[in-house]
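Please take these sequences and the hints and turn them into a complete structure.
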Amino acid sequence: MGGPEVDRLISLLAKLPGLGPRSARRAALRMLLAPEARMLPLAVALAEAARSVRPCGVCGNLDSRDPCSICADPERDASIVCVVEGVGDLWALERAHVHRGTYHVLGGTLSALAGTRPEDLNVAPLLARVGQGEVAEVILALGATVDGASTAHWLADRLRPLGVAISRVGQGVPVGGALDVLDDGTLAAALRGRRPA
Amino acid sequence: MVVFGPNGSGKTNLLEAVSLLVPGRGLRGARMAELSRFGGTDWAVAARFSANGEALDIGTGTAPEGGSDRRVFRLDGAAPRSQAEIGARVAAVWLTPQMDRLFQEGASGRRRFLDRLVFALEPTHARIVAAHDVAVAGRNRLLSEGQADPAWLAGLEDSIARHAVAATAARVGLVTRLNAASMEGATGGFPPARVGLVCPIADRLASAPALQVEDWLREALAAVRPTDAGTTSLGAHRADMTLEDAENALPAALASTGQQKALLIGVVLAHALLIARARGFAPLLLLDEPAVHLDAGRRAALFRALENIPAQVLLTGTDAETFLPLCDVAEGLEAGGGMLRLDARFMPPGPMSDAPEGLY
Ligand SMILES: [Zn+2]
Chain B
1 MGGPEVDRLI SLLAKLPGLG PRSARRAALR MLLAPEARML PLAVALAEAA RSVRPCGVCG
61 NLDSRDPCSI CADPERDASI VCVVEGVGDL WALERAHVHR GTYHVLGGTL SALAGTRPED
121 LNVAPLLARV GQGEVAEVIL ALGATVDGAS TAHWLADRLR PLGVAISRVG QGVPVGGALD
181 VLDDGTLAAA LRGRRPA
Chain L
1001 MVVFGPNGSG KTNLLEAVSL LVPGRGLRGA RMAELSRFGG TDWAVAARFS ANGEALDIGT
1061 GTAPEGGSDR RVFRLDGAAP RSQAEIGARV AAVWLTPQMD RLFQEGASGR RRFLDRLVFA
1121 LEPTHARIVA AHDVAVAGRN RLLSEGQADP AWLAGLEDSI ARHAVAATAA RVGLVTRLNA
1181 ASMEGATGGF PPARVGLVCP IADRLASAPA LQVEDWLREA LAAVRPTDAG TTSLGAHRAD
1241 MTLEDAENAL PAALASTGQQ KALLIGVVLA HALLIARARG FAPLLLLDEP AVHLDAGRRA
1301 ALFRALENIP AQVLLTGTDA ETFLPLCDVA EGLEAGGGML RLDARFMPPG PMSDAPEGLY
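Just so you know, the protein sequences line up as chains B and L, in that order. Residue numbers for the first sequence follow the numbering used here, so the first one is 1 and each next one is one higher. Residue numbers for the second sequence follow the numbering used here, so the first one is 1001 and each next one is one higher.
The reader is advised that the hints may include incorrect statements.
Said to hold, decoys possible - In silico contact screen, one side only, chain L against chain B (beta carbon under 8 Å); selected entries:
| hint | residue |
| --- | --- |
| 1 | A1131 |
| 2 | V1134 |
| 3 | A1135 |
| 4 | A1137 |
| 5 | G1138 |
| 6 | R1141 |
| 7 | L1142 |
| 8 | W1152 |
| 9 | A1154 |
| 10 | L1156 |
| 11 | D1158 |
| 12 | S1159 |
| 13 | G1185 |
| 14 | G1189 |
| 15 | E1307 |
Said to hold, decoys possible - Over 12 Å on every C-beta distance to chain B, these chain L residues come out as not near it, computed from the model:
| hint | residue |
| --- | --- |
| 16 | E1145 |
| 17 | A1148 |
| 18 | A1151 |
| 19 | S1256 |
| 20 | T1257 |
| 21 | R1341 |
None of these hints come from the bench; they were simulated from the model. Glycine included, each C-beta is placed from N, C-alpha and C at the ideal position.
Structure follows, in structure tokens:
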């Protein structure tokens, strides 16, 4: 259509979530019509983010600083840790301003059918943090899927010997529901309605 | 509405298309890839429903962008937030000739039939059963692999227990209300049937609170792990449905094909009235070849019952004459050559007939 450069751009864009081939063509065209204004700043932003953003060594959030801006924020209550499946869930909770504590990103949920085992999850840093005694409550916010619920059950079992309060988010999250697709009001209600696990 | 025509004229395809307007795999239980026409990959169905003076447009088909294995819905032209939104507005129940063997084959077919009845009453039931079955499949996988993490297994068993009790409670609720409706004459003179549930979880729910039954099931599942190698011997997936003639207690499993068919028709007639009362709208009734195997007396009783039922009914058969007793209350359509032709012996098209683009 516009030479190999354009084809490559479109095929890379089309691999992004939410963009099919048609949307990728539209996005590419929009950029190519004004490369100075829309394309070069994007290229710089992409390169900078790729170079500087890493998982936080404490919680697993993606940030250009380590510890991340949330872990480093003295205003956050580090004694309440909210465990989420992925960074997308963390972002959803942050957007909704419903959690004043810190986070831990598991990087997945246990899944017998998909073959995700306990050793595939990012658990050790959480157990270490709780083991140091500065965490009073762990909130398990893992979504109402079968995998989310059984992972929460399993994780509660690992945390219980450490003597920390454990609660589960669930109220208002529909069966099979993931956190990052919920609206802010539902998320807030889910977090407020947490119950001891 | 009656659709008639020779075998292979597409009558059943039409019913299947309508059955796909509600969430689920439709009347044949087909997979996505099996739904398109021979040689094609894309398909779509659209229809306009009219209830309580309000029109409702529902469409479904392959996603415009994303390949033929993804199915999407449209509600009044827009994408619904979830399929549950569709389930909250419409329901459908069907009988097909394949179900003539429902009581000769395994329990899974009877469970699916029962669950579709429950789903029409409580749209969340489908998700609960699906979650239950995912948890069972996960537990089976861990047990068959051996050396599973006990806390992980306990987590899956917790999911099985919670969903099994919820699904069973919904089944018990449907069966109770359905039998009560049948006894009150909901079948409109058609011989009523009595539905039963064979399920240890249901038995316990009759005498203990749900949370206590969940605890029992969790403990029982943990106890049978050593003998459950790759299987799960307790749960909602082990339930079975029985059916008997409400008048003479003849069980369906011992009845003739015609008697069984009559029992199933008795169930769906009572169900239509139950749903209409409970949810404020009647389900679509799709009856594929309902007259086959019915004796003249039951056929007449069925047609009388259909005249009074609140639900919209689509019936199929091979010849128009069978359905002429319905000519004052039903439209007659002859199927053939990929088209539908109005039969003038039946009722002229009603106000609905200009609307549903997907039906004509
Ligand atoms: Zn952090």
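To see whether the hints hold, each was checked on the structure:
1. A1131: 5 Å, holds
2. V1134: For V1134 of chain L, the interface hint holds, since the closest Cβ of chain B sits about 5 Å away, which is under 8 Å.
3. A1135: 5 Å, holds
4. A1137: A1137 of chain L check passes; min Cβ-Cβ to chain B is 6 Å, inside 8 Å.
5. G1138: With a closest approach of 4 Å, the G1138 of chain L hint holds.
6. R1141: R1141 of chain L check passes; min Cβ-Cβ to chain B is 4 Å, inside 8 Å.
7. L1142: 5 Å, holds
8. W1152: Holds - the Cβ of W1152 of chain L comes within 8 Å of chain B, reaching about 5 Å at its closest.
9. A1154: Holds. Min distance 6 Å.
10. L1156: OK, holds: L1156 of chain L within 8 Å of chain B, min 5 Å.
11. D1158: With a minimum Cβ separation of about 5 Å from chain B (threshold 8 Å), the hint on D1158 of chain L holds.
12. S1159: Constraint on S1159 of chain L satisfied, holds at 5 Å.
13. G1185: 36 Å, violated
14. G1189: Hint violated; G1189 of chain L Cβ to chain B Cβ min 40 Å, cut 8 Å.
15. E1307: 40 Å, violated
16. E1145: 8 Å, violated
17. A1148: 8 Å, violated
18. A1151: 4 Å, violated
19. S1256: 41 Å, holds
20. T1257: 39 Å, holds
21. R1341: 39 Å, holds
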